[in-house]
Amino acid sequence: MKVLSAEQVHASLQWSSVLDVLQEAYAGSYTMPQRQVLKLDAEGGSNDAFALLPAWNDHVIAVKAFTYFPQNAAPIPSLHSQILLFERQHGQPLALIDGTSVTYWRTAGVSALASRFLSREDARTLLLIGTGRLAPFLIQAHAAVRPLQRVMISGRSSAKVAALIERMKTEMPHIEFTAASTVEAACAEADIVVCATGSPEILVEGAWIRPGTFTDFLGNHHADHRECDTAMVTRSKVYVDTYINCMKEAGEILIPIQEGVFTQEEIQGELADICAGRVAGRSTPEEITLFKSVGAALGDLAVARAVWLAQEGAEVA
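Plus 303 on top of the position in the sequence shown (first one is 1) and you've got the numbering used here.
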């Protein structure tokens, strides 16, 4: 059994192939039980948690396990993650793979995969809200899908916004990177809006979004929090990464349902439905599309398998 590091993960992957691997996995047959997030000391008031995300298809079985200790002080990270990969035919273990790096690739990859179906093909301006470690991956992934010419970045820390802009200017000099003056003003110019924050407050209002925009909200995993308001949902054609997780954790969807202005039946479909052609993606240049994701084990499986195959010198099949 191989033990693969974050450095080996990054060296094994390219965006064009990651997006195709994810699309193939979501379009195919798979089993994905609901993930389990377990509080380690709920009665004591601690938010320390341990989580398990299993999935399997005809090729492999994968389970991602991660710990979340938000009170950890530097240099100890608050999150540690590993993915255990087994072959499907006999259940033999194949690899233990760094889960944090895989999560960056699959989260950004799923966002860009949704854009492949839900944004306009001529989308050239991206607004990214959030400057965390996922941010560079999101920019790179979306640039692999659409001919981006301009990326506007918004964040709570102007220093972090400036640092991200300088980094991306070096890595992607063909794209113009600017700091958003305000989220509202940037939304009026964006073709794609991606929100990837841990904010419990609404950051994007539906009234700010112009026709033809694709929006993606991926930072919130709580039923009582949301990154966008109700109008954002009611103005949009809405899609989700999975029903099983979003209908438990996605406040962006659950709160409008509780308010009585939206229903689960109004969701157009899951990412798997789009990839398999069971539901249509964008159908007109003017419609507003919204994708809500909270993360799914199938993405971890697909990317982890791609890493393992690359390390074996084999092609994805």
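Take the hints with a grain of salt, since some may be wrong.
[Unchecked claim] Cross-link-like lysine to any residue pairs, in silico, SDA-like; alpha carbons within 20 Å at most: (1) Lys-540 with Arg-423; (2) Lys-551 with Arg-513; (3) Lys-463 with Pro-476; (4) Lys-540 with Gly-501; (5) Lys-551 with His-362; (6) Lys-540 with Val-564; (7) Lys-342 with His-528; (8) Lys-342 with Leu-355; (9) Lys-472 with Gly-501; (10) Lys-540 with Asp-576; (11) Lys-540 with Ala-352; (12) Lys-551 with Gly-616; (13) Lys-463 with Thr-481; (14) Lys-342 with Lys-305; (15) Lys-305 with Tyr-371; (16) Lys-305 with Gly-616; (17) Lys-472 with Ala-482; (18) Lys-305 with His-362; (19) Lys-540 with Asp-425; (20) Lys-463 with Gly-435; (21) Lys-463 with Ala-491; (22) Lys-463 with Ala-447; (23) Lys-540 with Gly-509; (24) Lys-540 with Arg-513; (25) Lys-342 with Gly-509.
Worth flagging that the hints you see were computed from the coordinates, not collected in a lab.
If you draw a straight line from the CA of Lys-342 to the CA of Gly-509, is it 20 Å or shorter?
violated (34 Å)
Pair hint Lys-305 and His-362, alpha-carbon separation not exceeding 20 Å
The hint holds at about 17 Å.
Hinted pair, alpha-carbon criterion (20 Å max): Lys-540, Gly-509. Please report holds or violated.
Distance of about 12 Å is within 20 Å: holds.
When you check the alpha-carbon spacing of Lys-463 and Gly-435, does it fall within 20 Å?
holds (8 Å)
Take a quick look at whether Lys-472 and Ala-482 sit within 20 Å of each other, Cα to Cα.
holds (12 Å)
Does Ala-491 lie within 20 Å of Lys-463 when you go C-alpha to C-alpha?
violated (23 Å)
Given the hinted pair Lys-551 and Arg-513, is their alpha-carbon gap at most 20 Å?
Roughly 29 Å separates the two Cα atoms, so the pair is violated.
Hint consistency between Lys-472 and Gly-501 [alpha-carbon to alpha-carbon, up to 20 Å]
Not satisfied, since the Cα-Cα distance of roughly 25 Å exceeds 20 Å.
Would the pair Lys-540 and Val-564 pass a check requiring their Cα atoms to be no farther apart than 20 Å?
Given that 20 Å is the threshold and the Cα spacing comes to 14 Å, the pair holds.
Take a quick look at whether Lys-551 and His-362 sit within 20 Å of each other, Cα to Cα.
Outside the cut-off at roughly 28 Å; violated.
20 Å limit on alpha-carbon distance, applied to hinted pair Lys-342 and Leu-355
Holds, because 12 Å separates the two Cα atoms, which is no more than 20 Å.
Between Lys-463 and Pro-476, is the straight-line Cα distance small enough, at 20 Å or below?
holds (19 Å)
When the structure is compared with the earlier hints, violations turn up for hints 2, 4, 5, 9, 11, 12, 14, 15, 21, 22 and 25 and for no others.
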